[in-house]
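Colleague: Given these sequences and hints, build the entire structure.
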Amino acid sequence: MTEKLHQAFNAIREEAEARRNAFRESPVPKIHIGMATCGIASGALETKSAFEEALAERNMEAKIHTVGCFGHCYAEPVVIIDHPESGFPPIFYHEVTPGKARMLTKLFLEEGDPRFEHVYGATEMNEMIPSVMEFPRFNQEKRVVMEKCGRVDPEDIYDYVAEGGYAALVKTLGLTREEIVREVQASGLRGRGGAGFPTGKKWELARQARGDRIVICNADEGDPGAYMDRTLLESNPHQVLEGMMICAYAAGARKATVYVRAEYPLAVKIVKKAIRQAGELGLLGKGILSSDFDLEIDVFQGSGAFVCGEETALIRSIEGHRGMPRFRPPYPVEKGLLGLPTITNNVKTLASVPAIIEKGADWFRSIGTENSPGTAIFSVVGDVIHAGLVEIPMGVSLRTLIFDICGGIPNKKGFKAVQIGGPSGGCLPADFLDTPIDFDSLTEAGAMMGSGGMVVMDEDTCVVDVSRYFLDFTQKESCGKCTFCRIGTFHLLTILERITKGEAREDDLEQLEYLSKDIKDGSLCGLGKTAPNPVLTSLRYFRDEYEAHVREQRCPGMMCRPLTAFFIDLDKCARGCDICGGCCPVDAVFSTKNRKKAIDQNICVKCGECLVACPPDYSAVRKVSPPNLAPTIDRPEK
Amino acid sequence: MDEDVLAEEEAMLNDIISGIGKFEKERGNLIPVLQMIQEKHAYLPEASIKTVAEHLEIPACEVYGVATFYNQFRFHPPGKHPIKVCLGTACHVKSGDIILENFERKLGIKDGETTPDKEFSVERVACVGCCALAPVAIVSETVHGHMAPSKVEGLILRINMEREKAEREKQESEK
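From first to last, the protein sequence lines stand for chains U and Y.
Note that the first sequence ends on residue 638 in my numbering; no numbers are left out.
Note that the second sequence ends on residue 813 in my numbering; no numbers are left out.
Derived by calculation from the structure, the hints in this document are not laboratory data.
Some clues are possibly wrong.
Pulled a few chain U residues facing chain Y out of the computed Cβ check, cut under 10 Å [to be verified]:
hint : residue
1    : Ile40
2    : Ala41
3    : Glu221
4    : Gln301
5    : Gly302
6    : Ile318
7    : Glu319
8    : His321
9    : Val381
10   : Gly388
11   : Met457
12   : Glu459
Capping the alpha-carbon separation at 30 Å, the derived lysine-lysine pairs in BS3-like fashion look like this [unchecked claim]:
hint : chain 1 : residue 1 : chain 2 : residue 2
13   : Y       : Lys732    : U       : Lys100
14   : U       : Lys623    : Y       : Lys744
15   : Y       : Lys744    : Y       : Lys718
16   : Y       : Lys660    : U       : Lys286
17   : U       : Lys520    : U       : Lys481
According to the in silico footprint, chain Y covers these stretches of chain U (three or more CB under 8 Å from chain Y) [as the list claims (entries may be wrong)]:
hint : stretch
18   : 67-78
19   : 223-229
20   : 582-589
Idealized CB from N, CA, C, for every residue including glycine.
Modeller: This is the structure we're talking about:
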């Protein structure tokens with residue numbers, strides 16, 4: 001039996017290796033371009049066609065290898081050029097615009113000069129160019145789930161197999177279902193969707209259940225600010241599929257579904273293609289790799305409802321209803337989709353599985369902490385220098401993540417807070433920077449792991465406004481089933497809007513607190529239970545800011561527009577200069593009698609363009625809060 | 639003119655009816671059917687709701703209930719140049735709302751509306767997933783990162799100029 005299995009797989013692996021070797025050993029230069037959504041958004045398509053045109057012009061040959069996302073969003077579009085003839089190691093270039101692409105084709109590919117001023121680093125150790133592995137953004141990461149992202153072409157299954165893919169599936173098919181479940185249980189893997197439920201336990205429950213079982217991969221990533229699930233599906237879909245196959249084998253399922261947001265068209269396309277390729281090679285369908293294991297995987301496109309990230313709501317929406325959660329128990333592992341036992345696992349959870357099976361539970365346990373083994377992926381965005389996706393072992397402190405790995409706050413500004421876990425998470429101040437990142441420590445601090453969205457805020461950010469933003473989001477996304485969630489979030493939002501407009505009442509802060517408590521108690525699903533978290537944590541750690549809004553109508557971060565004003569310092573303003581007037585979208589800037597400029601406060605929309613435009617030699621535009629600090633200058637009548 | 643519009647609508651409905659025929663009469667197909675219609679026609683025409691309800695043998699109010707629950711579905715045709723302004727967390731922190739406001743002011747329409755000449759439509763979207771480029775706006779499929787209020791004017795100006803140029807060339811070729 002196992003022999004037949006290996007025989008079937010060896011044919012695939014030999015083909016993959018032959019293709020890989022042919023690619024590696026061909027003498028022409030290889031150009032690897034990151035082409036996930038973020039790369040394309042930064043212009044990777046234009047960069048790619050610039051390379052192709054420049055190569056055609058010079059009659060040169062080079063292999064262009066489109067890969068997924070490296071996770072280094074700050075550096076997109078990212079290009080790695082491997083030009084063995086030049087004698088240099090493979091070089092990592094960042095922010096490769098079409099112009100840079102043409103320049104590199106001429107100077108590096110043709111003439112052999114790598115243009116050191118544009119080099120970011122080499123991808124391997126060598127004596128000429130510093131390696132990127134010496135940079136903290138690279139060497140402090142620990143890649144388990146994202147290991148192959150940016151190295152394989154997501155649209156080519158052989159690329160994944162050549163990197164050791166599907167070996168875990170072969171190993172799985174040679175073991176019994178109990179052995180697989182036991183291994184996952186021993187690894188201590190916890191669900192990466194946010195709540196952290198032990199994955200092995202879920203699988204064991206499904207294994208014991210009766211009836212046809214179904215596996216769902218939850219890629220309904222709704223948190224506005226987290227995009228690691230999308231990146232995984234776009235950069236390495238086969239790893240997720242392999243995880244699903246192992247899960248289906250262990251649970252005894254013959255049907256599986258990938259639930260992807262329709263807002264991720266590229267991910268949908270790539271996953272569908274990956275499923276087709278796996279089917280063609282006999283890795284899906286009837287009798288996988290000549291074993292007696294059958295599995296069909298299909299794709300369901302979610303239609304954009306945040307609440308569908310909750311498993312019972314997700315199941316309802318596949319059934320063709322509104323995505324409203326229902327009471328648990330019975331849990332979906334007993335009674336889920338169409339009444340059948342259903343395992344719902346997050347993309348990251350499933351993508352962790354192949355490595356666990358291949359390298360063993362002990363290896364997985366050696367990464368991370370006792371109660372949260374493994375790695376965590378965060379999308380670190382906001383006011384941070386090296387924004388992007390970071391995969392770190394659990395237990396690393398927030399300080400290391402934000403300041404060492406991601407380079408800290410730009411423009412020499414101070415750190416104010418970090419918002420973890422999106423609309424369900426919390427806002428933590430500088431005192432918590434030494435908190436280790438794992439499920440339990442974050443929950444203790446009042447935030448939560450959530451989806452892994454992490455927004456870093458500098459001193460010019462208003463935490464009240466950020467809370468209002470999240471409440472605005474959850475209020476719109478509440479499905480409307482539970483009264484406290486439906487009406488309570490609306491009232492929370494109304495109060496927060498009042499505060500950010502400077503119209504707050506004295507007892508508004510107490511109202512926020514007790515309403516929040518009621519919403520938590522009176523809601524059925526995670527959305528309602530966690531919706532007040534942004535308010536509660538910011539109120540706990542930044543009460544003084546709320547009080548400044550309520551009592552002084554002052555916004556310390558100067559972000560709440562009704563509480564700020566711009567004015568032009570007449571002592572600094574240069575006579576005759578008209579830059580601010582030229583960029584004002586509403587013509588609020590006018591000339592005073594002595595040909596200096598002033599702002600008409602009645603018209604000003606407070607977009608801040610004049611502040612950016614004013615030349616640094618003058619820096620005459622100033623922003624103040626509360627707005628009555630700005631001097632009023634009357635506009636002369638025409 | 640009116641006849642043209644009517645004929646167009648009828649062709650659209652016929653197309654929808656033939657498309658629906660490929661789906662089995664299962665409740666689970668409701669969302670895929672709606673997605674198919676929206677993918678082809680960019681919105682859900684009123685008549686299509688009834689057609690879907692008849693095909694799947696469920697009340698039209700159920701179809702409406704599901705269609706309005708999800709953010710993806712729209713009930714008005716978008717403009718030729720749909721503008722989507724990202725208001726994800728990172729874009730919000732970097733003042734994405736000011737960008738949205740500038741588009742609204744410049745085009746004289748509100749979020750979710752289409753200009754009377756059907757050229758532009760503006761909508762807010764939750765995270766498009768390029769947070770490192772915040773604030774972000776998508777103008778007819780092209781992503782524009784690091785937006786600023788002054789860029790808004792330039793973008794719209796460029797589209798209008800290109801349109802005028804195309805019209806001029808068309809007129810000249812007709813001569």
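Colleague: Which of the listed hints are broken here?
Modeller: 12
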